[in-house]
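Trainee: The chain contents come next:
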Amino acid sequence: MTTAVATAARAMRRPARSRSLRPWYRNGTLVAGLVIVGLLLLAAVLAPLLTPFDPIEQDLQNALQSPSGSHWLGTDKYGRDVLTRLLYGARVDLRIGFLAVLIPFVVGSVLGALAGYFGGWFDVVVMRIVDVFFAFPFYVLVIVLVFVLGAGESSIYLAIAAVSWVSYAKIMRGELLVAKKQDYVVAARLGGMSHGRVLIRHITPNVLSQALIYAMSDIVMDIMAIVTLGYLGLGIAPPTAEWGSMILDGQEFITTQFLQATIPGLAVVVTSLGLSLLGDGLSDLLSPERRK
Amino acid sequence: MSDTAMLRVAGLTKTYSLGTSWLSRLTSRASGTLKALDGVDLHLCRGEILALVGESGSGKSTLAKILVGSTAPSGGEVRYRGEAAPARRDKESSRRVQMVFQDPYSSLNPRLTVGAMLAELLLLHRVVPRREVRAESIRLLNLVGMEADVLSAYPSQFSGGQRQRLAIARALAVRPDVLIADEPVSALDVSVQATILELFASLRAELGVSILFIAHNLAVVQHLADRVAVMYLGRIVEVATTAQLFAAPRHPYTRALIDSIPRMTEASVNDEFELDGEPPSPYDVPAGCRFHPRCPLASEICVANDPPLLPVGPAHESACLKAGELALIPLPDTPQEHR
Chain V
0 MTTAVATAAR
10 AMRRPARSRS
20 LRPWYRNGTL
30 VAGLVIVGLL
40 LLAAVLAPLL
50 TPFDPIEQDL
60 QNALQSPSGS
70 HWLGTDKYGR
80 DVLTRLLYGA
90 RVDLRIGFLA
100 VLIPFVVGSV
110 LGALAGYFGG
120 WFDVVVMRIV
130 DVFFAFPFYV
140 LVIVLVFVLG
150 AGESSIYLAI
160 AAVSWVSYAK
170 IMRGELLVAK
180 KQDYVVAARL
190 GGMSHGRVLI
200 RHITPNVLSQ
210 ALIYAMSDIV
220 MDIMAIVTLG
230 YLGLGIAPPT
240 AEWGSMILDG
250 QEFITTQFLQ
260 ATIPGLAVVV
270 TSLGLSLLGD
280 GLSDLLSPER
290 RK
Chain U
0 MSDTAMLRVA
10 GLTKTYSLGT
20 SWLSRLTSRA
30 SGTLKALDGV
40 DLHLCRGEIL
50 ALVGESGSGK
60 STLAKILVGS
70 TAPSGGEVRY
80 RGEAAPARRD
90 KESSRRVQMV
100 FQDPYSSLNP
110 RLTVGAMLAE
120 LLLLHRVVPR
130 REVRAESIRL
140 LNLVGMEADV
150 LSAYPSQFSG
160 GQRQRLAIAR
170 ALAVRPDVLI
180 ADEPVSALDV
190 SVQATILELF
200 ASLRAELGVS
210 ILFIAHNLAV
220 VQHLADRVAV
230 MYLGRIVEVA
240 TTAQLFAAPR
250 HPYTRALIDS
260 IPRMTEASVN
270 DEFELDGEPP
280 SPYDVPAGCR
290 FHPRCPLASE
300 ICVANDPPLL
310 PVGPAHESAC
320 LKAGELALIP
330 LPDTPQEHR
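Sequences listed follow chains V and U, in order. Quick note on numbering: numbering that gives the first Met the number 0 labels position 10 of the first sequence as 9, and the sequence is numbered without any gaps. Quick note on numbering: numbering that gives the first Met the number 0 labels position 70 of the second sequence as 69, and the sequence is numbered without any gaps.
Misleading hints may appear alongside valid ones.
To be verified - What follows is a set of in silico ranges between Cβ atoms, one per label pair, in the way DEER data are often shown:
id : chain 1 : residue 1 : chain 2 : residue 2 : range
1  : V       : GLY37     : U       : SER190    : 20 to 26 Å
2  : V       : LEU148    : U       : ALA86     : 47 to 53 Å
3  : U       : TYR282    : V       : ARG127    : 51 to 57 Å
4  : V       : GLY37     : U       : GLU146    : 18 to 24 Å
5  : U       : ALA152    : V       : ARG127    : 55 to 61 Å
Claimed, not checked - No farther apart than 30 Å at their CA atoms in a straight line, the calculated lysine-lysine pairs in the DSBU-like style are these:
id : chain 1 : residue 1 : chain 2 : residue 2
6  : V       : LYS76     : U       : LYS64
7  : U       : LYS64     : U       : LYS90
8  : U       : LYS90     : V       : LYS180
Derived by calculation from the structure, the hints in this document are not laboratory data. The beta carbon of each residue, even a glycine, is placed where N, CA and C say it ideally should be.
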């Protein structure tokens, strides 16, 4: 009873300070996501130090070994250590996943923001292009583009950028449509500020969080796309360690050496889980008012 | 009516055309255009507090938006100190007329501290040199009854009344000549309303700033405003000094608004001018006097004629064909002190 009164009194003295009530490290989802993604990144960066084996060099005498003291996850059909290839594969898949998000994030957000803020013919043109891209399923378009551009890392970046900027454009346009009607934006304009200043200094900090949160799940999509392309033989050229091609190589031995295909698949699942948790946690942290 | 007016509008109209896509034609029965403002004449004198009162949808907020330049009028003109205000306002012309918004929760940028918010405006308009920005910010805060220690705080740390004070400080930062306050107290608790009303009165006294105070409730402005303009369906129907308006309203709509102010005495309840129903749709303004469907005095001439705003006494104008007749009907009593 006394505690309740004291709490109520405290709440009255500090109204609406929810944003800073809980420090970020008390947000379990965010911390879990950070730990998983952090460990994965660390493993990718430190791969050469973590394993004595080479991910590409073949050792046919030791092909298709079961897990042992020296090869913790066994070896593949060319005698290469599966754990080593998993770690080196993380370098490729995570790098492309994170980098591939940058271009569409920037391009899509800027185009969407301008379309939403200024409206008019620019909005019409941008959104019709968005509609065209949206009409195709993500994977179909990525696969077609990579097929046309030729396999390889730069094609993957281009294909993903061309396909996924539309999501950022849609998100930011919607955010801007709401934000530009807000009184604080009108007030900034009445204060004599230019459109550029209002957009960058007043609107962007308030609306960017949604695009940022989406980017986390977009990285998951991109990694899935890279792995899918690798599995289809359209991704990174074969000797390079990559999770998708590992699954492809491993599946012919699924009945005898099931780890070969399962382990890289699990790596994708864990990465996705980590990024999803991170996105969820960020969403709690950056826009608590949108979640009940 | 002299050239001392800070702000003057003449024949101001604002129409919004309905969407003409096939979908909106199919789904809505109303058609054509919405007349938010239908010929508004009004002036605001130097250092005056003019109240603009009317129901929701009467066009008050549209008028406010046009006055600050965030919406362009469809017709008529806005004059600032006798000069036509430019359609597209530059930094300097937007500085002179500032606005205080109704909802103090959406009018402050949640990501800017109070200090950053004020400093940006002070520097942008070079109100004071850089090294005096802090002192000037504190002066502004003191002006609205707040202390220097809030400079580093974010808007979320304040209550509605405090936020409205901060919004007023922001509007004053650029040293405007005119403040447009769009229902600045209607989102606040009744207990807080009075303190904000007092703040507006003290700002006028200290700074000599002209204030257009918009409200939907006559009682709120009774003790604040010098003059009151009553708006109905996009037009001013009566303008008078506050004392004159409350003592002898010359438009039945004003009379109804005064009668609707809650009073303490049972005997004074008067339902003769009680308004029935909602105001008509602004898509379909009644012919003749726009108030006639709800007016207890209406007769055939009111259906046939659209009355202009005409003088009915010194500094008193009314747009009613029966203004003379109305003057003969005594008020039940003077409204009680009401805050």
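Trainee: Now look at each hint and say whether the structure bears it out.
Mentor: Evaluation of the provided hints:
no., hint, in the structure
1, GLY37/V - SER190/U: 20 to 26 Å, "51 Å, violated"
2, LEU148/V - ALA86/U: 47 to 53 Å, "50 Å, holds"
3, TYR282/U - ARG127/V: 51 to 57 Å, "31 Å, violated"
4, GLY37/V - GLU146/U: 18 to 24 Å, "43 Å, violated"
5, ALA152/U - ARG127/V: 55 to 61 Å, "45 Å, violated"
6, LYS76/V - LYS64/U, "74 Å, violated"
7, LYS64/U - LYS90/U, "17 Å, holds"
8, LYS90/U - LYS180/V, "20 Å, holds"
Comparing the model with each earlier hint shows violations of hints 1, 3, 4, 5, 6; every other hint is respected.
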